[in-house]
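Going by my numbering, the first residue of the sequence shown is number 51, and it counts up by one from there.
Treat the hints with care, as some may be off.
To be verified - Simulated crosslink set (DSS-like; lysine-lysine; CA at most 25 angstroms straight-line):
1) 156 to 130
2) 156 to 84
3) 145 to 156
4) 130 to 88
5) 106 to 84
6) 88 to 156
7) 145 to 84
8) 130 to 145
9) 130 to 153
10) 84 to 153
11) 88 to 114
Simulated from the structure, these hints should not be mistaken for laboratory data.
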Amino acid sequence: MEFAPIAAGDRTAFEALFRLHYRPLCAFAVQYVKDADKAEDLVQDLFFRLWLDRAKLTITTSLKAYLFASVRNRCLNAVKSAGRVVAARLGISVKTVENQMGKALKTLRDELSDLVPLLPWLFWISEGGG
51 MEFAPIAAGD
61 RTAFEALFRL
71 HYRPLCAFAV
81 QYVKDADKAE
91 DLVQDLFFRL
101 WLDRAKLTIT
111 TSLKAYLFAS
121 VRNRCLNAVK
131 SAGRVVAARL
141 GISVKTVENQ
151 MGKALKTLRD
161 ELSDLVPLLP
171 WLFWISEGGG
């Protein structure tokens, strides 16, 4: 699908774009924000801004790639903003939250890396080798 008709104000083309990509974009957004309503809000806002800014936009990738990248960026911004809200409620700095999350992620990676050598054995057992 081309963006040129939408940029020119073609409502039918915009509606077709919306119908084609709305549900997949919402499903994609839920993976980031873990909240279907928030995901829908983010995707709806994207389409709203897309329509408002259509004449000013220059899309250099495929329209689908642009939409998914835009949703991803909106989701990441929403998650980051939510982290700030949580930090403020807890009376701690965002840096503290980021440090704690980084430590937790490192611990998880370390634990998983300890399990990787066991994978062939677990596969062998699951296939009836034991």
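Going down the list of hints, with the structure as the test:
1. Distance restraint check for residue 156 and residue 130: the Cα-Cα separation of roughly 19 angstroms lies within the 25 angstroms cut-off, and the hinted pair is therefore satisfied.
2. Restraint check for residue 156 and residue 84: satisfied, since their Cα atoms lie roughly 22 angstroms apart, inside the 25 angstroms limit.
3. Proposed proximity of residue 145 and residue 156 is supported: the alpha carbons are some 16 angstroms apart, at most 25 angstroms.
4. Between residue 130 and residue 88 the CA atoms are separated by roughly 14 angstroms; this keeps the pair inside 25 angstroms, and the hint holds.
5. The hinted pair formed by residue 106 and residue 84 fails the criterion: a straight-line CA distance of about 32 angstroms is larger than 25 angstroms.
6. Taken as a hint, the residue 88 and residue 156 pair is broken in the structure, with Cα atoms around 29 angstroms apart against an allowance of 25 angstroms.
7. Under the criterion of a C-alpha separation no larger than 25 angstroms, the hint pairing residue 145 with residue 84 is consistent with the structure, at around 23 angstroms.
8. For the hint linking residue 130 to residue 145, the alpha-carbon distance of about 12 angstroms falls within 25 angstroms, and the restraint holds.
9. Restraint check for residue 130 and residue 153: the C-alpha separation of about 17 angstroms stays at or below 25 angstroms, so the hint holds.
10. Taken as a hint, the residue 84 and residue 153 pair is honoured in the structure, with Cα atoms around 22 angstroms apart against an allowance of 25 angstroms.
11. Proposed proximity of residue 88 and residue 114 is supported: the alpha carbons are some 21 angstroms apart, at most 25 angstroms.
Hints 5, 6, counting from the list given before, are not met by this structure.
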